[in-house]
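Please take these sequences and the hints and turn them into a complete structure.
In order, the protein sequence lines correspond to chains A and B. To convert, note that position 52 of the first sequence is 784 in our numbering; the numbers rise steadily by one, no gaps. To convert, note that position 298 of the second sequence is 1030 in our numbering; the numbers rise steadily by one, no gaps.
Hints in this document: simulated from the structure, not taken from any laboratory. Hints may contain errors.
One copy or two, it doesn't matter: identical chains are merged, so the pair holds either way.
[What the hints assert, rightly or not] Below, simulated SDA-like cross-link-like pairs (lysine to any residue); rule was C-alpha separation at most 20 Å, straight line: (1) Lys1019 x Glu892; (2) Lys860 x Val876; (3) Lys785 x Val821; (4) Lys860 x Asp1012; (5) Lys860 x Tyr872.
Predicted model only: the values in this text are computed from it and were never measured.
Here is how the chains run, residue by residue.
Protein chains: 2
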Amino acid sequence: MKIAALALLCCGFCWAQGDECKPSSLNIPGAPYPCVYPDRRVSFRVSAPDAQKVQVSLGGRHDMTKGADGLWTATIPPQVVGFHYYTIVVDGMVLADPATRTFFGSGWDNSGIEIPEPEADAAYYSFKDVPHGQVSQRWYFSSVTGKWRRSYVYTPPDYETNSRGRYPVLYLLHGWGENEQGWHTQGRMDLILDNLIAEKKAKPMIVVMDNLNTAKPGEDASLYSARSIIARKSLADVPPPIGAPPSAGSARGGAAPANAGRGGFGPNFGATFTEMMLADLIPMVEKTYRVLPGRENRAMAGLSMGGMQSFTTVLANMDKFAYLGGFSGSSGGRGGFDPKTSSNGVFADADAFNKKMKLVFLGIGSVEGPGTKNFSDALTAAGIHNVYFESPGTAHEWLTWRRCLNDFAPRLFK
Amino acid sequence: MKIAALALLCCGFCWAQGDECKPSSLNIPGAPYPCVYPDRRVSFRVSAPDAQKVQVSLGGRHDMTKGADGLWTATIPPQVVGFHYYTIVVDGMVLADPATRTFFGSGWDNSGIEIPEPEADAAYYSFKDVPHGQVSQRWYFSSVTGKWRRSYVYTPPDYETNSRGRYPVLYLLHGWGENEQGWHTQGRMDLILDNLIAEKKAKPMIVVMDNLNTAKPGEDASLYSARSIIARKSLADVPPPIGAPPSAGSARGGAAPANAGRGGFGPNFGATFTEMMLADLIPMVEKTYRVLPGRENRAMAGLSMGGMQSFTTVLANMDKFAYLGGFSGSSGGRGGFDPKTSSNGVFADADAFNKKMKLVFLGIGSVEGPGTKNFSDALTAAGIHNVYFESPGTAHEWLTWRRCLNDFAPRLFK
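Here's what the structure looks like:
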């Protein structure tokens, strides 16, 4: 009974049987569309009785067709497995599909769809009959920004029962246009950690997910949000999805680094987050939770812009962190990588660096371009130990980052 | 510095100064619309360049006007303070406004707006410089439904530090078309509890928020979701908001009880939830958290359909609960209240009932109709002790339920 139910549940993420079109696991309860065929074509259906033109935007814009019943439908070509953002465009207005739960990306609550993987591939982020941790919403006041902030904190399955246990901490950041909710909704980080911990592949750890958008009083906070510039002007266009070339209009672009040319971030963007993290976030976490002390129990990683932030923060504060990860986020900096001078010369003495840092992890989707691999090779050539991980067949998208986390977390705190 | 920032933050919920239109606190970062004037008129703006007709639906449907810049705008009459759901209608398609965060209500992720109250009135659900608890996402497997379920659990500010402390538990339910996220997003229950606990008005307690939509294997789960029936057919119309007369088309109706005539719930709806709660939810909570044992440390309450569920569950299980609350949810049952026979005769012996139940609480918005007051009067006439609370000027909406919780929680576990 329980096993059968688990198998059913798993199929929220895994390959459908037969040839019917199965509702996406991210639909609102009862909604039959969007649905995914076994060959990964996707059908959409919306009601817009008086509209002139309706499109769905996922891997490019696709015209929908109005049927005799007044409903607009489209079946689009096979999509890559994993989570994707998408939108509906009704007479020029870019919208979330009312048939799906929404997910904060590109600075607003847009639609999400999950294209199922084969069951074995999806197992690591699927529900299993293992102990589960919890993800907690934690408010705290920041002395740096002068505002209340929200963090989500994953505590491992035994945190409540092992009441004297202390745990190492991974600080884990979202990407451009996302927020502190991304990793446990789009990313399924809680299931990934639960499963790794159950298999004793990863050490039980606390994971802290904060919001990268950090502005001091007087700084223009709206610069740090994704949709804000557009929202001010017209609320019209959604900016190109993370990683897409600005002109591509595709939800699965391959540009890297992700945020090149996007602009809009103030000169102190990374510095303000680091300052806030050291002054407010880490002290709050270490005061509130049962945390193991010291740099060897502290890791930082992030995806895309959050990966760049992790490199910025950690390489400037190696006395505070011993583990570092960038998922589709690090390609050596804009000016190119120079082991003597990059990051204020922290790589200049490779032996000293290797002795100090327990892990430098570089992850990327295989269709994102060679920047991250080149960076890894350059680090290796300079004698800097690093781990390069490549997610096969995926772009700048959440399945890349789920896989990165699944490979990264077992390497921590050992 | 900190105090000034707190005052600023508070104004997310409180009266705007001056005569400008201030963005709703629920907008996406940087979005200037919707905005609220000091007299509580609200302006909306959307971009739908090729649309023929655009409306905003809040307290009735209001036509928007297309300007020379191609943007559609509308300013609607003053709204009642507090949280309201609303939608945008573009050429007949009912949508969430892309400029706001979305909130799960009526079975889908629709738009929300917060009409600020005078600061003193909003204080109890505003950020203050007090210790904050946390709200945790907790997955558990239900033997009754055969599925993984999600609960949100509030633990009070001292839960982490007072590591031997044990706490009483309030089980708190959402309403029709909502889910386990409603109370801590739309309801601000965490801030309400934090503030009450800081002022020593309420005892530190754990609050468990689960999903009322509960189906056994073989039962049609989609019957229990709000939008599903529509979604199957057309994804077109949004059902009338909770509490609105089916034909009113108003976001602020006044019908009570809320769910009369809505139908679509299976005959075992309440019974299945109760069974799941006793078999799975309470055992999970009492195994996972440091909980005080026994019925005198267990309360149950809910809003609208969740209030009706609370009466159903508690009155059939008085050996397990000593505190009961219905917020806009209880008017004595469909057949009318008879102290001798209602709820299987639990009220027949008033003295015995009063000795056993520490609290029966009935809350309602003043413009929702007399059903709840009549029920309270009938209970009183039958000698049953009860507390009647009326929220002035509010309908079947979240400000009613915030106020109910603020009045209810201090009465618990004393």
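Hints versus structure:
With identical chains, the CA atoms of Lys1019 and Glu892 are at most 20 Å apart both within one copy (17 Å) and between copies (10 Å). Taking the closest pair of Cα atoms, Lys860 and Val876 come within 20 Å of each other only across two copies (17 Å); inside a single copy the shortest separation is 41 Å, beyond that limit. Taking the shortest alpha-carbon separations for Lys785 and Val821, both the intra-copy value of 8 Å and the inter-copy value of 15 Å come in at or below 20 Å. In the homo-oligomer, the alpha carbons of Lys860 and Asp1012 lie at most 20 Å apart only across protomers (17 Å), although the nearest pairing inside one protomer, at 36 Å, exceeds that limit.
In this assembly of identical chains, the alpha carbons of Lys860 and Tyr872 lie at most 20 Å apart only when taken from different copies (11 Å versus 33 Å within one copy).
Hint check: no violations occur; every hint is consistent with the structure.
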